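J.: Chains as they are written, first to last, in the numbering used here: chain A, 239 to 420; chain B, 13 to 271.
Be aware that one or more of the hints could be misleading.
[To be verified] Chain A stretches covered by chain B per the calculated footprint, using a threshold of three residues with CB under 8 Å from any CB of chain B:
#, region
1, 251-258
2, 266-279
3, 404-412
[Stated by the list, open to error] Example chain B residues on the side facing chain A (calculated, C-beta under 10 Å, incomplete):
#, residue
4, E20
5, R22
6, Q26
7, A27
8, L208
9, L254
10, K255
[Stated by the list, open to error] In silico SDA-like pairs for lysine to any residue, Cα to Cα no more than 25 Å straight-line:
#, chain 1, residue 1, chain 2, residue 2
11, A, K410, B, R29
12, A, K410, B, G30
13, A, K410, B, R23
14, A, K410, B, S19
15, B, K255, A, E253
16, B, K255, B, S268
17, A, K410, B, E16
18, B, K255, A, Q250
19, A, K410, B, I25
20, B, K202, B, Q214
21, A, K410, B, S18
22, B, K192, A, Q250
23, A, K410, B, L17
24, A, K410, B, F31
25, A, K410, A, S345
26, A, K292, A, S257
27, A, K410, A, L398
28, A, K410, B, A21
29, B, K255, B, G241
30, A, K410, B, T15
31, A, K410, B, R22
32, A, K410, B, Q26
33, A, K410, B, A27
34, A, K410, B, E20
35, B, K192, B, E215
Don't read these hints as lab results, they were simulated from the structure.
Quantities reported herein were computed from a predicted structural model and do not represent experimental measurements.
Idealized CB from N, CA, C, for every residue including glycine.
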Amino acid sequence: VAADSDCASPEQAFELHFSMVWRSLRRFGVPEAALDDAAQDVFLVVHRRWNDFKNQSSRRTWIYGIALRVASEHSRRARREQSRLSATDPDLVNSEHLSPDTLTDQSFRQREAGRVLYEALGQLADGERQILVLVDLEERSVVEAAEALGVNLNTAYSRLRRARQHFEQALKAARPPGSEEA
Amino acid sequence: VSTELSSEARRLIQAARGFDDASGADRDRLRERIATRLAAGDSTPLASEKGWLTRTFGSHMGSKALGLVAATGAAVALIASWPSTKSLAPGEAIVIASPSAITSAATGSGRSPEVEVTPAPPQPLVREPEPGARAPVLEAPSAPSHERPALVHVPRKAARATTEAARADIAASQLEQELKLLSEARDGLKSGNTTLATERVQEHERRYPAGILAMEARALGVDALCAAGRREAAREAAAAFLKRWPESPLAARVRSACP
Numbered sequence: 239v240a241a242d243s244d245c246a247s248p249e250q251a252f253e254l255h256f257s258m259v260w261r262s263l264r265r266f267g268v269p270e271a272a273l274d275d276a277a278q279d280v281f282l283v284v285h286r287r288w289n290d291f292k293n294q295s296s297r298r299t300w301i302y303g304i305a306l307r308v309a310s311e312h313s314r315r316a317r318r319e320q321s322r323l324s325a326t327d328p329d330l331v332n333s334e335h336l337s338p339d340t341l342t343d344q345s346f347r348q349r350e351a352g353r354v355l356y357e358a359l360g361q362l363a364d365g366e367r368q369i370l371v372l373v374d375l376e377e378r379s380v381v382e383a384a385e386a387l388g389v390n391l392n393t394a395y396s397r398l399r400r401a402r403q404h405f406e407q408a409l410k411a412a413r414p415p416g417s418e419e420a
Numbered sequence: 013v014s015t016e017l018s019s020e021a022r023r024l025i026q027a028a029r030g031f032d033d034a035s036g037a038d039r040d041r042l043r044e045r046i047a048t049r050l051a052a053g054d055s056t057p058l059a060s061e062k063g064w065l066t067r068t069f070g071s072h073m074g075s076k077a078l079g080l081v082a083a084t085g086a087a088v089a090l091i092a093s094w095p096s097t098k099s100l101a102p103g104e105a106i107v108i109a110s111p112s113a114i115t116s117a118a119t120g121s122g123r124s125p126e127v128e129v130t131p132a133p134p135q136p137l138v139r140e141p142e143p144g145a146r147a148p149v150l151e152a153p154s155a156p157s158h159e160r161p162a163l164v165h166v167p168r169k170a171a172r173a174t175t176e177a178a179r180a181d182i183a184a185s186q187l188e189q190e191l192k193l194l195s196e197a198r199d200g201l202k203s204g205n206t207t208l209a210t211e212r213v214q215e216h217e218r219r220y221p222a223g224i225l226a227m228e229a230r231a232l233g234v235d236a237l238c239a240a241g242r243r244e245a246a247r248e249a250a251a252a253f254l255k256r257w258p259e260s261p262l263a264a265r266v267r268s269a270c271p
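Pulled out of the complex, with its shape left as it was, chain A reads as follows:
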């Protein structure tokens, strides 16, 4: 990827990959309240370890790997603080925020789809959730996802297959009755 190979400094990495990191952290299960801290941690690690990058993968994959570990750490912390962590952002399921009266049809549909998506993701085990996010939401190759996760390719494929099965099941449960389209 040309943009990735142009990532020549931590500052450029921030500008280039901030959106990806932000979005992925949420999808990996970092609660909304911890998102700022988690994103900050990712890029502090990126800065501090910039010269430790081994060229065994792309910078983007390396940053995904950091984001995954930071997300795991923040999710663990959140679980310790709460008896049970709901991966779904409470704001997203607040009916006031989803009122069609205050939103355009398009933004309402987007938010509703987002709510269902997060609710389904929240039903997956961490490992399954991570590979599904990387491959099906972030549209990375399974090879790249395996590198970021630090697992071999066979493990990645079998985990992805399970993740998709469980995601489909969770999706059915998360959809409002009678809903066909997001």
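On the provided structure of chain A, position chain B as indicated by the hints.
T.: Using the frame of chain A, we list chain B on its own:
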């Protein structure tokens, strides 16, 4: 068992696209937070760094200081802490890191510059380019595409490592040059040589329109113009600065530089 997602699931993912994207405010807020931590030289290990970093990235933990950005942070901190002309006492000494010391830290070849670094207010990590500005001079030169490839085999990893090293050198070199220009401009301002100060700031603007220290250079430019008695030009420069960096920690200083 199908290994693909159903079309329904794909439609849902597509419909939710953009739903959880970061806003510009998110980006700006995080940029500032990270810069603050770096400028303050905070090297407290993060919980996320413990253990797995050693396994993942090798054993030389913390061996290369903070790399280019930390050096940049230190440099920015120094410049940001410069007082404005009106607060300079006669003969007041201003400590500034030597470019070689900064470069040394940037390339990881030595320890951090041995100067006192005043913790700085939040700084942007990267300056946004001005409209029409040319790209930052950070790219390694590349061969024209029509040239035939060399017959010498270069291992891919070695080539990548060389490119990374070359980029780091170029970035460090740019920082060194920017620091030198700003240091000379500041010296000119201190000694009353406002022509020299203005020239050095203008040279910085011409060579590095979106440079690492662009914000500090423009702030210094306002000081230089004001000291030269070009108050109208100073006010215009201040207005341009505030328009470009309204949230800058230097904004208050720039605003009051030339009343």
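J.: Would the hint linking K410/A and L17/B be met if the CA-CA limit is 25 Å?
T.: 13 Å, holds
J.: Quickly compare the C-alpha distance for K410/A and F31/B to 25 Å and report which way the hint goes.
T.: At roughly 20 Å apart (the allowed maximum being 25 Å), F31/B and K410/A satisfy the hint.
J.: Please work out if K410/A and G30/B have their alpha carbons no farther apart than 25 Å.
T.: Holds - the C-alpha atoms of G30/B and K410/A are around 22 Å apart, at most 25 Å.
J.: Holds or violated: the hint that L208/B contacts chain A, with Cβ atoms closer than 10 Å.
T.: 30 Å, violated
J.: Could you grab the alpha-carbon distance between K202/B and Q214/B and see if it respects the 25 Å cut-off?
T.: 17 Å, holds
J.: Is K410/A within 25 Å of E16/B, Cα to Cα?
T.: Holds. K410/A to E16/B sits at ~16 Å (cutoff 25 Å).
J.: Within 25 Å, alpha carbon to alpha carbon, are K410/A and E20/B?
T.: 10 Å, holds
J.: Let's test the interface hint: is any C-beta of chain A closer than 10 Å to that of A27/B?
T.: 4 Å, holds
J.: Given the hinted pair K410/A and T15/B, is their alpha-carbon gap at most 25 Å?
T.: 18 Å, holds
J.: Return the status of the interface hint for L254/B: holds when the least beta-carbon distance to chain A is below 10 Å, violated otherwise.
T.: 23 Å, violated
J.: Holds or violated: K410/A and A21/B, Cα atoms, limit 25 Å.
T.: 10 Å, holds
J.: Are K410/A and S345/A close enough, with their CA atoms no more than 25 Å apart?
T.: Roughly 22 Å separates the two Cα atoms, so the pair holds.
Going through the hint list in order, the structure does not satisfy hints 8, 9, 10.
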